[in-house]
Amino acid sequence: MPLSTTTTSRTNSVNPHLPIVAEEISHDIHVPCIYNKVFNPTFGLSRKKRITQYLEDSSKYDSKRKRWDIPSKTALEEDLYHPFEELISDILAYFEYTETRSVVRSANANMHHEEVKGVPRCEDDDEWEFKSSPDIVVTGHGKIEKEIGYNFGPADHDWRTRPTYANLVTPFEVTLDKNFEEEVNFLQIGVYARQCFIQQHNRQSVYALLISQKRARLYVFDRSGACHSEDINIHKNAEVFVRIILGICSPDCAAVGFDTSIYWSDDGTRRIQALDENKNLVAYRIKDPDGKPLFHAGTIKGRGTCCWAVEGGLVVKDRWTSVEQTPEVDFLEVSRGLPFVGQMVAYITGTSTAKLRGFHDYERDVSPEDKKHFDNRYFHRVTLKDGGKPFLQFSSPEEVLYAIRDAIRGHKNLWDSGILHRDISINNILITRSDTVPYGGTLIDLDMAVWIDRANSPEAKDFRAGTQAFQSVGVLDSNGSEKNTSKAPHDHLDDFESVLYVLCSAAMGFEGPGKMTTHAPRYLRLWPDVDPSTASYSKFGFIRRRNLPTTQPFFGPIFDRLIHDLRGFLRPHVDRKWANAETNFPALACLKECARNDYTTVLGFFDKAIADLEADDGFKERNKPVPPDETKTPGGSSRILGKRARSDSSVAGDTRRRSKRIIEKKKAKRTASANAIRFIDIAMALNRHFHVAEQHDAISDHDTGGREEDEFSMDHEIISVYEELERENCHILHYTP
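Once you know that position 413 of the sequence shown is 413 in the UniProt record's numbering, the rest is easy, because the numbers rise by one and skip nothing.
Hints are computed from structural coordinates only; laboratory data are not their basis. Predicted model, so just to flag it, every value in this text is computed and none were measured. One or more of the hints may lead you astray.
[Claimed, not checked] Straight-line C-alpha distance at most 35 Å; calculated DSBU-like pairs for lysine-lysine:
hint: 1; residue 1: K37; residue 2: K372
hint: 2; residue 1: K385; residue 2: K292
hint: 3; residue 1: K131; residue 2: K37
hint: 4; residue 1: K146; residue 2: K385
hint: 5; residue 1: K146; residue 2: K48
hint: 6; residue 1: K389; residue 2: K608
hint: 7; residue 1: K49; residue 2: K66
hint: 8; residue 1: K131; residue 2: K355
hint: 9; residue 1: K592; residue 2: K620
hint: 10; residue 1: K49; residue 2: K64
hint: 11; residue 1: K48; residue 2: K60
[What the hints assert, rightly or not] Label-pair restraints from in silico Cβ distances:
hint: 12; residue 1: P289; residue 2: R336; range: 27 to 35 Å
hint: 13; residue 1: V323; residue 2: D531; range: 28 to 36 Å
hint: 14; residue 1: K355; residue 2: D57; range: 32 to 40 Å
hint: 15; residue 1: R364; residue 2: L548; range: 57 to 65 Å
hint: 16; residue 1: T52; residue 2: T534; range: 52 to 60 Å
hint: 17; residue 1: R546; residue 2: R576; range: 18 to 26 Å
hint: 18; residue 1: S367; residue 2: K389; range: 45 to 53 Å
hint: 19; residue 1: H360; residue 2: E115; range: 33 to 41 Å
hint: 20; residue 1: R67; residue 2: E115; range: 42 to 50 Å
hint: 21; residue 1: K355; residue 2: R546; range: 52 to 60 Å
hint: 22; residue 1: L548; residue 2: H360; range: 52 to 60 Å
hint: 23; residue 1: R525; residue 2: P289; range: 30 to 38 Å
C-beta atoms are modelled at their ideal positions from N, C-alpha and C, and glycine is treated no differently.
Turn these sequences into a full structure, and let the hints guide you.
Structure (structure tokens):
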């Protein structure tokens with residue numbers, strides 16, 4: 001079925017999904033008889049007699065004519081949906097799968113997509129939503145499935161009529177036989193598999209079946225991409241066809257691609273099994289009440305990174321590492337104890353994509369041509385110390401500055417230990433805060449790191465190193481296109497350039513904590529562009545331009561100067577790599593001396609900005625000691641002492657609640673002093689004004705006559721109440737009309 005986007009008013013094609021899948025999985029490998037490899041070797045033998053018996057007993061199959069009860073001549077794909085739905089249901093019922101598996105005709109289900117990086121959205125429509133509809137799906141339900149699956153059959157979900165990608169086990173794509181070879185079939189199945197990986201955070205592989213009146217083809221998706229079987233004549237090879245149906249709909253969650261070490265426990269919490277500091281396997285409780293990860297990848301092929309915050313101040317990270325890359329755990333071992341760098345507790349090495357595909361003899365099972373396209377990946381689960389809160393959860397300008405400055409310190413510590421990070425981004429800088437260190441940061445994620453003395457290895461030249469929105473001009477220009485002849489290595493200066501883009505993303509992209517601007521500069525919007533050349537030209541222009549839009553007022557001139565200093569420092573280095581792409585650059589190991597000076601310069605920029613910020617009145621106001629909520633006056637009565645001045649929208653609500661609490665408390669205290677009684681009167685007056693404000697807010701938008709004058713008058717009355725409170729020596733929140 002076609003993909004669609006849905007709003008309250010329209011449904012449109014979302015064909016942009018298809019080229020994204022095509023680019024991600026440019027080559028799907030043909031593996032003959034893969035169904036004999038991916039399923040348990042004894043599966044076929046133990047089922048063979050029952051399958052033969054089923055074919056003899058079933059009303060869906062004519063043993064004499066060797067044909068299923070499927071229309072052989074039809075001009076409409078839709079005419080095949082119901083017959084195949086009934087056939088698959090009949091097979092599952094005969095083999096007693098229906099306790100945990102259900103077949104749903106989903107051609108019009110419009111199953112919700114989680115947003116996918118790279119797919120354009122309609123910026124003017126907040127309700128724009130991507131959806132798609134596999135023709136038929138098999139969903140999971142039952143106790144075990146609820147425990148293992150991310151969202152298999154919750155109590156409020158009717159899985160028989162409302163399938164979702166969160167409870168999907170296997171998608172089926174139905175097509176006419178004349179259209180069986182069209183590439184769009186594979187791409188649409190790829191979209192379905194992609195959503196399974198995105199919405200089911202413990203999925204290691206996804207099976208899918210393409211079927212027509214005559215043929216079937218099995219697809220397997222995993223972190224190495226995709227592979228497929230030969231085409232099977234479903235009528236003449238009915239036994240194989242039934243075996244495939246049973247295999248891809250198996251009630252064994254592990255057999256259909258789920259990681260069963262992540263599950264829902266009887267106490268209603270989601271658990272993940274990982275090693276503790278003593279190398280003991282522990283079922284850690286995932287902190288999120290819905291069992292969701294902190295971060296998960298939005299792709300099929302690749303690292304498939306997924307991180308969970310768990311109990312005990314820890315983070316558990318899953319990752320699939322290419323055999324061509326150095327595992328992150330090797331770098332984490334070397335970086336143990338380094339300040340400002342994320343710290344590992346323990347790790348597990350698990351299965352590989354080769355094993356998931358049943359490649360027990362790699363040389364025999366994979367053709368020479370397919371070996372060029374198969375990137376075997378090993379699974380690692382790492383237990384880490386929680387390094388702080390995400391960078392974009394900053395609450396003040398100083399948190400941004402200190403976090404980035406400390407991340408550069410961590411970067412230097414890694415460099416001094418022989419490691420180049422290569423993936424500076426907003427996702428890999430954490431904000432730390434403690435009683436002893438009010439502001440700080442931690443650099444995490446060594447997935448894309450390389451050894452400095454081995455930087456000529458293939459992994460060191462990988463264009464995919466880093467997050468594109470923050471990749472340097474030089475790294476973007478090393479995109480593996482035909483015109484790529486760049487010989488410049490990814491060095492520490494590329495990571496400094498990424499630091500600049502992280503700083504700009506915060507200071508130019510956010511109006512304040514948690515509030516992304518709707519008027520970001522155009523170049524900022526181009527940096528995550530799917531086309532690397534577009535992002536490269538935009539960043540090159542940004543580095544070279546003399547005049548730039550200023551940062552958001554929340555950050556101010558100090559950030560403007562810092563960005564100016566960083567651009568000035570980086571400009572000659574960017575120019576040199578841009579103009580001399582053909583030149584042989586020195587190896588990273590030869591840059592250690594000049595790198596020391598570069599670190600000193602860049603850290604100096606941040607130290608100066610921090611010193612300027614700490615001398616700023618706004619910083620002093622934000623960081624002055626907060627008085628306690630209540631203190632005793634000489635007269636023996638309690639006075640309210642509010643927190644430091646704030647100007648956000650919570651002021652009114654906080655003050656209203658505080659006023660009501662004080663009133664109730666004071667009314668109960670008959671022996672209150674004259675000053676306290678006076679305070680009650682003022683607080684009650686203030687409360688009345690807030691009540692009036694609420695009434696004004698309830699006025700219809702059409703009834704605006706005289707409203708502005710009333711609000712102006714009310715503002716002045718509230719100000720007078722505040723002034724009177726201040727005369728009573730009550731330090732409360734500042735009010736701005």
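35 Å Cα cutoff - pair K49, K64: 18 Å, holds
Range hint 45 to 53 Å (beta carbons of S367 and K389) holds or violated: 48 Å, holds
Pair hint K131 and K355, alpha-carbon separation not exceeding 35 Å: 33 Å, holds
Distance restraint hint 42 to 50 Å, applied to the beta-carbon atoms of R67 and E115: 44 Å, holds
CB-CB spacing for L548 and R364 relative to the 57 to 65 Å hint: 59 Å, holds
H360 and L548 - C-beta distance against the hinted 52 to 60 Å: For H360 against L548, whose Cβ atoms are near 58 Å apart, the range 52 to 60 Å holds.
Proposed proximity, K385 with K146 (alpha carbon, max 35 Å): 29 Å, holds
Distance restraint hint 30 to 38 Å, applied to the beta-carbon atoms of R525 and P289: About 34 Å separates the Cβ atoms of R525 and P289, which means 30 to 38 Å holds.
Given pair status - K608, K389, alpha carbons within 35 Å: 25 Å, holds
Hint consistency between K146 and K48 [alpha-carbon to alpha-carbon, up to 35 Å]: 30 Å, holds
Hinted pair K385 and K292, Cα distance within 35 Å: Within the cut-off at roughly 19 Å; holds.
Beta-carbon spacing of R546 to R576 - inside the hinted bounds 18 to 26 Å or not: 19 Å, holds
Hint violations for this structure: number 9 only, all remaining hints satisfied.
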